[in-house]
Amino acid sequence: MSETPTNPRYAPGTHPDLPPPRRTTGALGWVRSNLLSSPLNVALTLLSVWLLWTILPPSIHWLFTGAIWTAVDRKECWALMDAPRDGACWAFIRGSFELFVYGWYPEPERWRVNLTFILFIAAIVGGLRENIPGKKYWLIFAAAYPFIAAWLLLGGFGLEPVGTNKLGGILLTLVVAVTGISFSLPLGIALALGRRSNLPALRGVCVIFIEFIRGVPLITLLFVASTMLTYFLPPGSTFDLLMRVLIMVTLFASAYIAEVVRGGLQGLSSGQYEAADALGLSYWKAHRLVILPQALKISIPGIVNTFIGSFKDSTLVLIIGMMDILGLGRARLNDPEWLGLAPELYIFISLFFFISCFAMSRYSLNLEKKLQTGHKS
Amino acid sequence: MNQETSVSPIGSRLNESDSKIISIKGMHKWFGDFHVLKDINLEVAKSERIVICGPSGSGKSTLIRCINRLEEHQQGSIIVDGTELTQDLKNIEIIRSEVGMVFQQFNLFPHLSVLDNVTLAPIWVRKLPRAEAEEQAMQYLERVKIPEQASKYPGQLSGGQQQRVAIARSLCMNPRIMLFDEPTSALDPEMIKEVLDVMIELAESGMTMLVVTHEMGFATAVADRVIFMDEGEIIEEKPPKDFFENPEHDRTKLFLSQILHH
Ligand SMILES: Nc1ncnc2c1ncn2[C@@H]1O[C@H](COP(=O)(O)OP(=O)(O)OP(=O)(O)O)[C@@H](O)[C@H]1O
Ligand SMILES: [Mg+2]
Numbered sequence: 155m156s157e158t159p160t161n162p163r164y165a166p167g168t169h170p171d172l173p174p175p176r177r178t179t180g181a182l183g184w185v186r187s188n189l190l191s192s193p194l195n196v197a198l199t200l201l202s203v204w205l206l207w208t209i210l211p212p213s214i215h216w217l218f219t220g221a222i223w224t225a226v227d228r229k230e231c232w233a234l235m236d237a238p239r240d241g242a243c244w245a246f247i248r249g250s251f252e253l254f255v256y257g258w259y260p261e262p263e264r265w266r267v268n269l270t271f272i273l274f275i276a277a278i279v280g281g282l283r284e285n286i287p288g289k290k291y292w293l294i295f296a297a298a299y300p301f302i303a304a305w306l307l308l309g310g311f312g313l314e315p316v317g318t319n320k321l322g323g324i325l326l327t328l329v330v331a332v333t334g335i336s337f338s339l340p341l342g343i344a345l346a347l348g349r350r351s352n353l354p355a356l357r358g359v360c361v362i363f364i365e366f367i368r369g370v371p372l373i374t375l376l377f378v379a380s381t382m383l384t385y386f387l388p389p390g391s392t393f394d395l396l397m398r399v400l401i402m403v404t405l406f407a408s409a410y411i412a413e414v415v416r417g418g419l420q421g422l423s424s425g426q427y428e429a430a431d432a433l434g435l436s437y438w439k440a441h442r443l444v445i446l447p448q449a450l451k452i453s454i455p456g457i458v459n460t461f462i463g464s465f466k467d468s469t470l471v472l473i474i475g476m477m478d479i480l481g482l483g484r485a486r487l488n489d490p491e492w493l494g495l496a497p498e499l500y501i502f503i504s505l506f507f508f509i510s511c512f513a514m515s516r517y518s519l520n521l522e523k524k525l526q527t528g529h530k531s
Numbered sequence: 479m480n481q482e483t484s485v486s487p488i489g490s491r492l493n494e495s496d497s498k499i500i501s502i503k504g505m506h507k508w509f510g511d512f513h514v515l516k517d518i519n520l521e522v523a524k525s526e527r528i529v530i531c532g533p534s535g536s537g538k539s540t541l542i543r544c545i546n547r548l549e550e551h552q553q554g555s556i557i558v559d560g561t562e563l564t565q566d567l568k569n570i571e572i573i574r575s576e577v578g579m580v581f582q583q584f585n586l587f588p589h590l591s592v593l594d595n596v597t598l599a600p601i602w603v604r605k606l607p608r609a610e611a612e613e614q615a616m617q618y619l620e621r622v623k624i625p626e627q628a629s630k631y632p633g634q635l636s637g638g639q640q641q642r643v644a645i646a647r648s649l650c651m652n653p654r655i656m657l658f659d660e661p662t663s664a665l666d667p668e669m670i671k672e673v674l675d676v677m678i679e680l681a682e683s684g685m686t687m688l689v690v691t692h693e694m695g696f697a698t699a700v701a702d703r704v705i706f707m708d709e710g711e712i713i714e715e716k717p718p719k720d721f722f723e724n725p726e727h728d729r730t731k732l733f734l735s736q737i738l739h740h
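Chains W and L are the protein sequences, given in the same order. Using this note's numbering, you'd call the opening residue of the first sequence number 155 and step up by one each time. Using this note's numbering, you'd call the opening residue of the second sequence number 479 and step up by one each time.
FYI, nobody ran anything at the bench for these hints, they're computed from the structure. Just so you know, not all the hints are guaranteed correct.
If you anchor each label on the Cβ, the simulated ranges turn out as follows [stated by the list, open to error]:
no. : chain 1 : residue 1 : chain 2 : residue 2 : range
1   : L       : 702       : W       : 287       : 41 to 47 Å
2   : L       : 561       : W       : 359       : 51 to 57 Å
3   : W       : 297       : L       : 508       : 45 to 51 Å
4   : L       : 666       : W       : 512       : 45 to 51 Å
Capping the alpha-carbon separation at 30 Å, the derived lysine-lysine pairs in DSS-like fashion look like this [as the list claims (entries may be wrong)]:
no. : chain 1 : residue 1 : chain 2 : residue 2
5   : W       : 289       : L       : 630
6   : L       : 719       : L       : 731
7   : L       : 605       : L       : 623
8   : W       : 290       : L       : 731
9   : L       : 630       : W       : 523
10  : L       : 630       : W       : 451
11  : W       : 524       : L       : 630
12  : W       : 289       : L       : 605
13  : W       : 439       : L       : 605
14  : L       : 503       : L       : 516
15  : W       : 451       : L       : 605
16  : L       : 516       : L       : 671
17  : W       : 466       : W       : 320
18  : W       : 466       : W       : 451
19  : L       : 719       : L       : 503
20  : L       : 605       : L       : 630
21  : W       : 290       : L       : 605
22  : L       : 568       : W       : 439
23  : W       : 439       : L       : 731
24  : L       : 716       : L       : 516
Using N, Cα and C, we set each Cβ at its ideal position, and we do this for glycine too.
With the sequences and hints as input, model every part of the structure.
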């Protein structure tokens, strides 16, 4: 820092390109400039080190080194520890794992759940990867996936039928969340476009729909789905509870997506619409090729935020008695064999949601970076 | 009225209405209660080059935006190449695909490369095969002298380059008429010339052009007529030499004295 630059002087017009000056680097330099740069900074660093020192070792002991991984019930867990509750009883999660994943799905048919999950990964990767051979077919597959999944899970057409009341645990959570997420995006885009339409009737319907759905708590909508909807249906007809819940969750998320996308549409200058019009592009072509690609790009953070929200909100179905991972886990806590193992359960469930949501968040950052091809808009 | 067969060269006009590619009669437009355009009458012949000037807010942009229906007029008629502009969406699409427009702010599509910007409408509106559209696009990019920028994004180009891409984008639709709304006003002085050069070359090739601009050098060099607008009316309309040397109306004189003395 203190040494004066000793660059030679050059005659005007002859200055060569020089490499940039080197930053003070090295681990020691980093520590000095980031952790010990001022007395306050030193104090904060010491405090942090002390906190880590007191919290980390017992946590590691409880979570890993002192934890029990195999046991038939909590009594055996306690017996295997130095003192009861000295470590986590992960045997509880391991012993309940199949139940947590598949719910009450009949055992001989569980390969169908596994296949659905494998196809889900394939649809995600194939649908989202940019340079994958046969991109068009992957997209068709991804679009058809929800219907393939419904057939695989519920059966019919040659497969053993399985009632929707057999779905539970992570399977149910994923069904609710993925359905809500994948159908709310197209519906939300349609609502956003409708809200900006020149046709007053269409605009009115979209505004009322969006504002109504946003103004009512999801739990209320779920109660409506579980009780009231039967009044509106023709007498004698049965309409599956899961189906009703899926519709409500989708409608709820789509209202939020619609507002996020509308924000993106408003972020575009009117010049983009005018240029598309002036070139003779029809409304649909202009939106598909010019307007939506830009508006959706602006909306990515908001859309992913909504997706993460609906993923976590899917746990609200436990209020109307559906056994998603949270509902099922809580029911399992009442099992006399595993009574009182709430910390293990909630750590497991938190981890499941955290990994899923963090993956979505990372993907969206990645996508934003990729779409930022050195152009300002 | 709409005899498409008149291929007569400029100058040898057999029948007045035959060679009129744009015909605006008794046209009025309002923005709410605000009367922006008042009784506009304007006939443009094929290959004619018209420069429109006038003070800010006089309705120049609105006038040329009415010609491709970016703005809707409320009274009178606008007939472009034999097709009248009405509510009929089909007619609007026909006219838009024959009329190119270049904007002050370029309005390139920032998410598409230069080549994709230029081939978008030929592929999706004209239904050209991609290979053919790209070949044609490269010809036009060469004509505006930036073929080497084809794979870049608009945000990576200078203003002058962007405006030339915008011109190429319009030309790729093989328009019969080109509208320019202050194409050089957003450019730094050293880039104005490169855009004007392209426009002059286009004028020499026989394109029908309506240009809103205050570049009086351009008007003198290429315009057949200069139209002066003020407060929504066409005040004066003359060949450039006459227009600059013998303006009739006081408002024209005032306007000319302002733009020539800064
Ligand atoms: N969408 C609109 N709604 C209401 N008023 C408008 C609209 N567009 C333009 N105007 C008004 O109409 C008048 C004419 O506008 P116009 O853009 O045609 O002027 P101009 O001659 O092109 O001016 P400039 O040289 O500043 O571009 C202005 O007073 C403007 O404020
Ligand atoms: Mg203007």
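Hint check results:
Distance hint for residue 702 of chain L and residue 287 of chain W: a CB-CB separation of about 56 Å, inconsistent with the stated range 41 to 47 Å. The hint said 51 to 57 Å for the Cβ distance between residue 561 of chain L and residue 359 of chain W, and at roughly 34 Å that hint is violated. Under the hint 45 to 51 Å, the C-beta atoms of residue 297 of chain W and residue 508 of chain L, about 46 Å apart, fit the expected range. Separated by about 46 Å at the C-beta atoms, residue 666 of chain L and residue 512 of chain W satisfy the suggested range of 45 to 51 Å.
This hinted pair checks out: residue 289 of chain W and residue 630 of chain L have alpha carbons roughly 24 Å apart, not beyond 30 Å. At roughly 14 Å between alpha-carbon atoms, residue 719 of chain L and residue 731 of chain L fall within 30 Å of each other, so this suggested pair holds. Between residue 605 of chain L and residue 623 of chain L the CA atoms are separated by roughly 26 Å; this keeps the pair inside 30 Å, and the hint holds. For the proposed pair residue 290 of chain W and residue 731 of chain L, the alpha carbon gap of about 63 Å is over 30 Å, so the pair is violated.
The hinted pair formed by residue 630 of chain L and residue 523 of chain W meets the criterion: a straight-line CA distance of about 17 Å does not exceed 30 Å. This hinted pair checks out: residue 630 of chain L and residue 451 of chain W have alpha carbons roughly 19 Å apart, not beyond 30 Å. Restraint check: the Cα-Cα separation between residue 524 of chain W and residue 630 of chain L comes to about 15 Å, which is no more than 30 Å; the hinted pair holds. A C-alpha spacing of about 22 Å is found between residue 289 of chain W and residue 605 of chain L, which places the hinted pair at or below 30 Å, so the restraint holds.
As the CA atoms of residue 439 of chain W and residue 605 of chain L are separated by approximately 12 Å, the hinted pair is consistent with the 30 Å bound. For the given pair, residue 503 of chain L sits about 11 Å from residue 516 of chain L by alpha-carbon distance, which is consistent with the 30 Å threshold. A C-alpha spacing of about 27 Å is found between residue 451 of chain W and residue 605 of chain L, which places the hinted pair at or below 30 Å, so the restraint holds. Among the hinted pairs, residue 516 of chain L with residue 671 of chain L is inconsistent with the structure: their alpha-carbon atoms are about 34 Å apart, more than 30 Å.
The suggested pairing of residue 466 of chain W with residue 320 of chain W holds, with an alpha-carbon distance near 21 Å, which does not exceed 30 Å. Between residue 466 of chain W and residue 451 of chain W, the direct Cα distance comes to roughly 24 Å. Compliance with the 30 Å bound is thereby established for this hinted pair. As the CA atoms of residue 719 of chain L and residue 503 of chain L are separated by approximately 26 Å, the hinted pair is consistent with the 30 Å bound. Proximity of residue 605 of chain L to residue 630 of chain L is assessed by CA-CA distance (about 24 Å); at most 30 Å being required, the pair is judged to hold.
Of the supplied pair hints, the one linking residue 290 of chain W and residue 605 of chain L holds, its CA atoms being roughly 20 Å apart against a limit of 30 Å. In summary, the hint linking residue 568 of chain L to residue 439 of chain W is supported, as the alpha carbons are separated by about 15 Å, within the 30 Å threshold. At roughly 47 Å between alpha-carbon atoms, residue 439 of chain W and residue 731 of chain L are farther apart than 30 Å, so this suggested pair is violated. For the proposed pair residue 716 of chain L and residue 516 of chain L, the alpha carbon gap of about 19 Å is at most 30 Å, so the pair holds.
Hint compliance for this structure: hints 1, 2, 8, 16, 23 are broken, all remaining hints hold.
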